[in-house]
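Got two chains here, each in a separate frame; can you build the complex from them with the hints?
Chains G and E, in that order, give the protein sequences.
Okay, so the first sequence: first residue is 1 according to the working numbering, each after it adds one.
Okay, so the second sequence: first residue is 1 according to the working numbering, each after it adds one.
Just so you know, nobody snuck in bad clues.
One side only, chain E facing chain G, incomplete, derived with CB under 10 angstroms:
hint	residue
1	Asp116
2	Phe122
3	Gly175
4	Lys176
5	Leu181
Quick list of simulated restraints, FRET-style, between CB atoms:
hint	chain 1	residue 1	chain 2	residue 2	range
6	E	Gln142	G	Pro87	52 to 58 angstroms
7	G	Ala143	E	Thr260	55 to 61 angstroms
8	E	Ala184	G	Met30	28 to 34 angstroms
9	E	Arg168	G	Pro87	21 to 27 angstroms
To be clear about the criterion: a stretch of chain G counts as covered by chain E if any three or more of its residues have a C-beta under 8 angstroms from a C-beta of chain E, and this derived list gives those stretches:
hint	segment
10	70-80
11	120-129
12	135-146
It should be emphasised that the hints constitute simulated quantities derived from the structure, not laboratory data.
Backbone N, C-alpha and C define an ideal beta-carbon position, used for all residues, glycine too.
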Amino acid sequence: MSTTETDRTAMPATLLETAATGGRTMPISMTVTEPARACTEEQLEHAMFPGAGLNVAFIAGTLSGFLAHERAGACLYRVAREHSDNPMLTGKYEEFGRETIEHIAIYEELVTDLGGDPHYVSPAARMIEQQGAKLLEGPVSLAGSVGLVSLETAFLEAVVSPSTSATTTGSCLPASPPTCPTKPPPPCVPRSPASNPKRTNTSAGPPTPGSSSPPPTPPTRPPEDSPDSSNGPPTRSRMRSASAGAAGARRPVDAHGGFHRHGLIDDAAER
Amino acid sequence: LLEDFDHLYRYANLLDLTKRKKAEAIIGTVTEIMPGRPNPDEFRHPDDDLRRHYDKHSVDPRSRLHVMTLVAAEQQTMNYYMNAGNIPVDPVARGLYLEIAMIEEQHVTQYESLLDPLETWFEQWLHHEYLEVWLYHSFVEQETDPRVKAIWEPHLSMEIEQLKEAARLLARYEGKDAAALLPATLPPAMTFEPNKDYVRRVLAEQVGHRVDALDIVDADGKVTKQTKAYQSVVNGDGNYTQDVIDMHSERFGSDYRLQTDGAHPVDHRDMATSNGGHR
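Next up, chain E with everything else stripped away, as it sits in the complex (with noise of 0.2 angstroms):
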């Protein structure tokens, strides 16, 4: 969350930077632009990367379809900036993509790893299946306009089958019945929630998080001595994330943030900036 946070802040200001146009004007004010973990203190040595996976016995669902949902954000996001990164002509854009788009895979990496490798591929798919019908379940719950609203119904029917279907090959080539390993219904549908508070709060309290091999621990932003060794070769000839803030700055006095809300919840170090090295 911090870590995406930052990247909104970023991509905010090469925004404003390049196009002279304010990410309020795309995003509104429902969420807040500002320094989140800062993006040089995000790279990890691999040997950071990998979280402990749930088990497929024990699991709560919502778990999984949490899990599985952020998976595909990450890696939708990881392939849209290594896709899209290449179109910029500004070379501080494209290094902005690119750097960023490294994190993305971290996180791909990094939530992949929750997954149960045991897990075998039909029941994998069942549960893509399950968790698009989650998902068009949860828009066609909230959607408020009539004719997006029509459009989630169709793909909701849609998915159903689609679950049908690998249920059925579930079956024919694991002999598993899916009813038994689907919950009886449907989760609760996910909903959209107001973000700030929360946002801040996560900010205060877990910013200065780190990983530790296979866990995440309060370490006041103290890295792991194979991470430190990484942070210096990737940070060390500088990064294109913070020179698009350092570039803001120079031109109109200041980083661009929209902090409708108040000060930025941890004042007691520059977050604009990080530990990582400088060009």
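One chain only, chain G, in its complex shape (with noise of 0.2 angstroms):
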């Protein structure tokens, strides 16, 4: 194990967000929290990426079900560990278990250093962490009814199947690289998991409640040894600038849920 590795273990990682942990939320239809809990678009967009016209909240809140997404899958690495008998199974769930959590601190990172707040828990988030709930819920309402076999078997789909939808969704997602900034990456995501060959993520999709897959690589991601990630500490104004600069250059995903909150076709960085 590298230094590297040894150092993201050494990470901490929120595993449940909470008011004591500073667990903030948009309040939005039927959700509410206290005015200083309260997350608005309009302190996304002056925390990250501020003047570039990208739809910030999309973003932060992508980046928050990433970590909804993470922190769900620990738990049910945690779980599916302490109900299975198979040796192979545990030791893979461990395994697992551990980067799980390696990808919770390096997602807090990421976030952090774009000028985010980690604990941030977007209304994609809570959806994501429902999901992840109910996906463990199945197998453990029913682990008295079943035999040994079938609840291990329960288990381990419950861990394969959003390893499959993460494939399905990053299949998806390569007519996009064309469409995004293409911005210098962002200084920690040369530290993210694709750095490390073991880790590396093929799908560029987000990962799903689960999957033992890294992150996705952002597709404009250049060598580990590209001059942007051996120039030093990050900055923050460094990546506001390169983040507009991309975004003048590029155009959004899409009108709703992409990357542009101004439509399919930004004009004026067309113009």
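Put into structure tokens, the structure is as follows:
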């Protein structure tokens, strides 16, 4: 294990977001929170990529969703490990569980480096958390009604299904890279799991609960030995300027949920 | 608060009417007895009965405890009225229990909807046990009667053990650490405080508040279109909660009140009656 990996393992990761950890959310529809703990679109836009014209609420919400996915995965691996008698499976569950906790720490660092709040739990993240909880609830609820093999299979499927979903999602995304901002990668990205050959993610899709896949790699990520990854520690201003430049050079992904809030084509950018 | 405060007034009149017993003989003078939001005005269309829920990731632990306490209290009250309401022979008493039980059902629904539906079964269980610990702890802290305190103490210990068990199963079946979900220390104990000034202030400021879909608004007594239609049905044939006041007034010349701190804070309308229909 490399030094870098050791450091990652030691990273603090928030497995359960609460008021005590600084949890915040976006009041929307039926969900409310105290004003001090509310996160508005304006606040997000001010914190991340200010002035870049990006759909920051979507980006922050999606990153928060990735975090929720990883947190749900960490719980899933723990429970699957708890209910398994198969040494091969328990070993894998433990391994994936450890990696998932690393992923949480990496995402938290990524969000922080982008100027965001890793304790922000977006509406999308709440939905992903619910899906993850229900994925786990099935085998747990029926654990007393089936044999060990069926239970082992159910937990295995609970782990595999999201991975399949991640692959499916990833297969849909290759069409997106040409429209994504071509900014230099955030300085923290080279330290993502993808930088570890053992954990390279070949799918670009967002993870889903239970997946052991590492976070998606930005399609424009340069080699790890590129100047960007060796120019010292990241600075927020560098990342913001890079993002702003990228926004003017690329099309948004989609109108509602994509990277740009103003539509499929950013007319100003196109001109 | 104003609706349950009104229920106290209606039941106090029933007690005096049927048993010739003053409610102050039971509750002393710690709380006043006078009209709140009139019961007929409390009926709401189901569309107006839900509230927005808190977010489990950012809610203050005390807020969750308060919501759960109120849900439990309202549900116990609803269950009591629904179970005991058929015991009295007097039709007015039976009707009074029934009508107020329906309002308590609204209260249960309202408060229950404040809970975040994202909280899982085992998380809910953990929070229930934590609530019981907090309540018993509060009672132990404040109880002045040694005999009663000696009852609270072992029950507090039992609840702590049940909390540990809920935590163990939360870890086993949901993979979550209870210590990460609960506050590091128990929030300040729930205390019993003087309520007269507080109730009077809320009465003066909020008796005209009504519900508009998901929100409680300053509506000067005006209800939504659907609730107005709903009330026209449920109040259309009169109200037992109004009958009991009318009967007390007819027999004794006035309704029964215990106003130790002066006149009713809302004197611009007859608080004993309502916008609802009369039998």
